[in-house]
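Protein sequence lines correspond, in order, to chains A and B. Going by the working numbering, 8 is the number at position 5 of the first sequence; the sequence numbering is gapless. Going by the working numbering, 575 is the number at position 19 of the second sequence; the sequence numbering is gapless.
Hints listed in this document are in silico derivations from the structure and should not be mistaken for laboratory results. C-beta: ideal position from N, C-alpha, C; glycine also. Certain hints may be false.
Some residues of chain B that are not near chain A, with every Cβ distance over 12 Å (derived) [unchecked claim]:
| no. | residue |
| --- | --- |
| 1 | 592 |
| 2 | 594 |
| 3 | 664 |
| 4 | 673 |
| 5 | 674 |
| 6 | 686 |
| 7 | 693 |
| 8 | 710 |
| 9 | 744 |
| 10 | 787 |
| 11 | 832 |
| 12 | 844 |
| 13 | 881 |
| 14 | 888 |
| 15 | 903 |
Chain B is nowhere near these chain A residues, computed Cβ spacing over 10 Å in every case [claimed, not checked]:
| no. | residue |
| --- | --- |
| 16 | 37 |
| 17 | 42 |
| 18 | 49 |
| 19 | 69 |
| 20 | 84 |
| 21 | 103 |
| 22 | 134 |
| 23 | 321 |
Facing chain B, according to a computed beta carbon distance under 7 Å, are these residues of chain A, among others [unchecked claim]:
| no. | residue |
| --- | --- |
| 24 | 40 |
| 25 | 43 |
| 26 | 116 |
| 27 | 136 |
| 28 | 137 |
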Amino acid sequence: MIRNQLRLAAAAAACLVLAACSQPADMGPPQVDVPTPLPSGIDFSPEIETEPVDESCTPLASYNPGTTSVEQAIAGLDNQDQITIGVSQSTNLMGYIDPETNTPAGFDIDIATAIAHSILGPDATIRWVPMTSGEREEAVNSDRVDMVVRTMTMNCKRWANVEFSAEYFHAGQRLLVPTASGITGLADLADDHRVCTGDGSTSVRTIAEQSAAQAVTVPDFNDCLVLLQQGTVDAITSDDTILAGMAAQDPTLEVVGEAFSQEPYGMAFQKGNTDLARYVNGALAQIIANGTWQTAYNKWLEGPLGVPGVPPTPQYRD
Amino acid sequence: MLAALRFTPGQLRGVLVLVAALILGAGITGMTAIIAKSAVIEETTSQSGRLSVAALSLYQALSQADATAASSYLTAGTPSDEMNETYREAMRDATVALATAAGEVKTPADTALVAELNARMPVYTGLVETARTFNRLGEPVGATYQEQASTLMREEMLPKAHDLQENSLGQLNDSRAEAAAFPWVAAGLAVAALGTLVWAQMWLSRKTNRVFNLGLVGSTVLLVGFAGWLATASLASASHTNTSHEDGSAPLELLAEAEITAQQARAEESLLLIARGEDQAAADRFEEHFKALTDPGKLLDRLDEAFADDAELSANIDTAREAAETWRAGHDEVVKLAQSGQYTDAVVLVVGEGGGEDAPSLWTSFTTLNNALTEATDVSAERFAEATNDAQRSLSGAAAGLAALALGALISAAVGIQLRVAEYYA
């Protein structure tokens, strides 16, 4: 015992003398977390809006085309020689840049092209202006574009800021899941499931109110597909059109369940530019009647959505 | 013992002991100071030098890889051979630099940084390759993978590479300060020994009525030589060490920063188009990087200032500045094209081969800028190595020479005094 203490004391003294008793550096392997690539701005517990939904109007009712002439419509353009159309360039199947040709393509693009041809003829000069969903209302009202055709849901809040055409597509919110997950609808989602959607969209609120799952938001909903493929989230919720665009890129994913929200898409115009809205409504009725609408649906959406397309019946307020 | 000092022979021996102790002290501390200096300079060229070079080239290679991967995504699955080559070379440089750094790190913090970077490397390349595959298949989700790869690089890998570089440069600066320090203890002891010798000779000449004691005079001369050599060697090596910093490593850091800033701006420019013009954050980051490069008083101006009296290097900076201006003008055109829906034209302008000197694409402008900075970096690196070699050369032989001089002075003093002592017993 005493001998041990002596040894300790001797060792301590030796340490002091040598002054070299600094601890040897910790040479164990450093602790490194498994790197998980995440998009910037991802939010794993987004705040859910609780403000009551504005239901003071009939969102589907647009302006009756009546006898509005094409001249009146052209007079409503910012530049009479061309038409500028705000679109998405990153929503597969609806409005996106085809990576092989670098040109805009999709259902929204086809509908917008048909409308433009109806206004300015088959040689119309169309300028596509890419924009985020947050820019849409500002873009039509600031003359950046003549109209916006970009998966835009008609609702009373937006009617206060822009004019809408009649409904040109009826979308609804659904779920995209891996086929092997066994999830077949909202009821299968438990509180340990993460469901991804774009921030600022109404989908966040709907999924939070109607299911037990934890919502995860990202600034660009395209990030959701990558997160689902990487296994960071269990499902994606958004409009079925957008989900179809994702499912088309990955054969192991499928769109499941009934639609649990109504998303009527309208084309948007500057507030007060009702002449253009009226003329476009006439043109829309025409492309529905002549089969252009059906062709576009069959080309882009029929396969991925798995149901035959039924064009919406236009509703007018006057 | 004390009694002996009352008589002259005893006093003489006492003087000898004092002088011997001081000369020995000066000799030993002087020699060790020079040896330590050499070792530290050796270290700046080897261990911490190699670490900071590796950290710097890692940082550069990573940001180069990011810029090229993003650009090549825009070429719709068929990037040019040059772009492919640049990306592969950048990844090779990054992995080699990381392996080198792993062998040189000394602190647990640096070890952790290298491990974190290493863990992210395969994740990054995985994302880039997935992006390319989806892009070839024509699936737009490839764009999101490419964005995620760039986010990983921008938010995690580049900051860690930067930290590693800062740490290694910090260590290098510490070593440099150590190498440039003057050996005050050795110099002080040498001066004290000289003083004692001079006093001893005056004392002896009073005692013995003889003006010179050859041994002590010889010792004094040798000791003056010792002090002179010590001072010159130390000052020269310090000056070379500082030159290596001012002409070499300081501009090197500045050049690297400029190069990395340009590469990051290039990556953001590509991301802007990859996001189909729907990513304002990328546009903002581009502006930020470009401002840091070209605004008055920023990187290019600072480089101009650093190379003001060097025609070769300032020519490189002029080329870089010109290319940056062309790039800037082209970038504004790209933004205009993208916002007005002329996406294909925008992409061609960003990643195309351009129409020769009169109509360079942004890719050629960026490459010109990048190459000009790389050339300047090579010249600076050479100067750094030269100055470090000079610093080492000025120390060569100093340790052995100082030891010989101190020993000579010691023997000479001992003989001189001993001869006087002997006279008392004759």
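How the hints compare with the structure:
The claim that residue 592 of chain B is not at the interface with chain A holds, since no C-beta of that chain comes within 12 Å of its own (minimum 16 Å). Residue 594 of chain B, annotated as away from the interface, keeps every beta carbon of chain A farther than 12 Å; the closest lies near 22 Å. Distance check for residue 664 of chain B against chain A: the nearest CB is about 6 Å away, which does not clear 12 Å, and the non-interface claim fails. At roughly 10 Å, the least C-beta separation between residue 673 of chain B and chain A is not larger than 12 Å, which violates its mark as non-interface.
The beta carbon of residue 674 of chain B is not kept farther than 12 Å from every beta carbon of chain A, the shortest such distance being approximately 8 Å. Distance check for residue 686 of chain B against chain A: the nearest CB is about 9 Å away, which does not clear 12 Å, and the non-interface claim fails. Listed as a non-interface residue, residue 693 of chain B fails to keep its Cβ farther than 12 Å from every Cβ of chain A; the least gap is roughly 8 Å. Look at residue 710 of chain B: its CB is around 8 Å from the nearest CB on chain A, not clear of 12 Å, so calling it non-interface is violated.
With a closest Cβ-Cβ approach of about 23 Å to chain A, residue 744 of chain B is found to remain outside the 12 Å limit, as its non-interface label requires. In this structure residue 787 of chain B is separated from chain A by more than 12 Å, as the shortest Cβ-Cβ distance comes to about 30 Å. With a cut of 12 Å on Cβ distances, residue 832 of chain B falls inside the contact zone with chain A, its closest approach being about 3 Å. The beta carbon of residue 844 of chain B sits about 15 Å from the closest Cβ of chain A, which is more than 12 Å, so the claim that it is off the interface holds.
The Cβ of residue 881 of chain B sits about 27 Å from the closest Cβ of chain A, beyond the 12 Å cut-off, so the non-interface label holds. For residue 888 of chain B, the shortest C-beta to C-beta distance to chain A comes to about 17 Å, beyond the 12 Å cut-off, and the non-interface label holds. For residue 903 of chain B, the non-interface assignment is contradicted: its Cβ lies about 6 Å from the closest Cβ of chain A, within the 12 Å cut-off. The claim that residue 37 of chain A lies off the interface is violated: its Cβ sits roughly 8 Å from the closest Cβ of chain B, which falls inside the 10 Å cut-off.
For residue 42 of chain A, the shortest C-beta to C-beta distance to chain B comes to about 6 Å, within the 10 Å cut-off, and the non-interface label is violated. Here residue 49 of chain A stays apart from chain B, with its beta-carbon at least about 19 Å from theirs, past the 10 Å limit. Remark: the non-interface label on residue 69 of chain A is consistent with the geometry, its nearest Cβ contact in chain B lying 31 Å away (cut-off 10 Å). For residue 84 of chain A, the condition that its CB be more than 10 Å from all CB atoms of chain B holds, with the nearest at approximately 14 Å.
Look at residue 103 of chain A: its CB is around 5 Å from the nearest CB on chain B, not clear of 10 Å, so calling it non-interface is violated. Residue-level check failed: residue 134 of chain A sits 7 Å from the nearest beta carbon of chain B, not beyond 10 Å. At the 10 Å boundary, the C-beta of residue 321 of chain A stays outside the reach of chain B, the nearest C-beta of that chain being 34 Å off. At its closest, the beta carbon of residue 40 of chain A sits 5 Å from a beta carbon of chain B; the interface hint therefore holds under the 7 Å criterion.
Below 7 Å, beta-carbon pairs count as interface contacts, and residue 43 of chain A has one with chain B at about 5 Å; its hint therefore holds. Given hint, residue 116 of chain A at the interface with chain B, is violated; its Cβ is 13 Å from that chain's nearest Cβ, farther than 7 Å. The interface hint given for residue 136 of chain A is violated, since its Cβ lies 9 Å from the closest Cβ of chain B, which is over the 7 Å cut-off. Annotation: residue 137 of chain A was flagged as interfacial toward chain B, and the flag is violated, the nearest CB pair being 9 Å apart, outside 7 Å.
The earlier numbered hints that this structure contradicts are 3, 4, 5, 6, 7, 8, 11, 15, 16, 17, 21, 22, 26, 27, 28.
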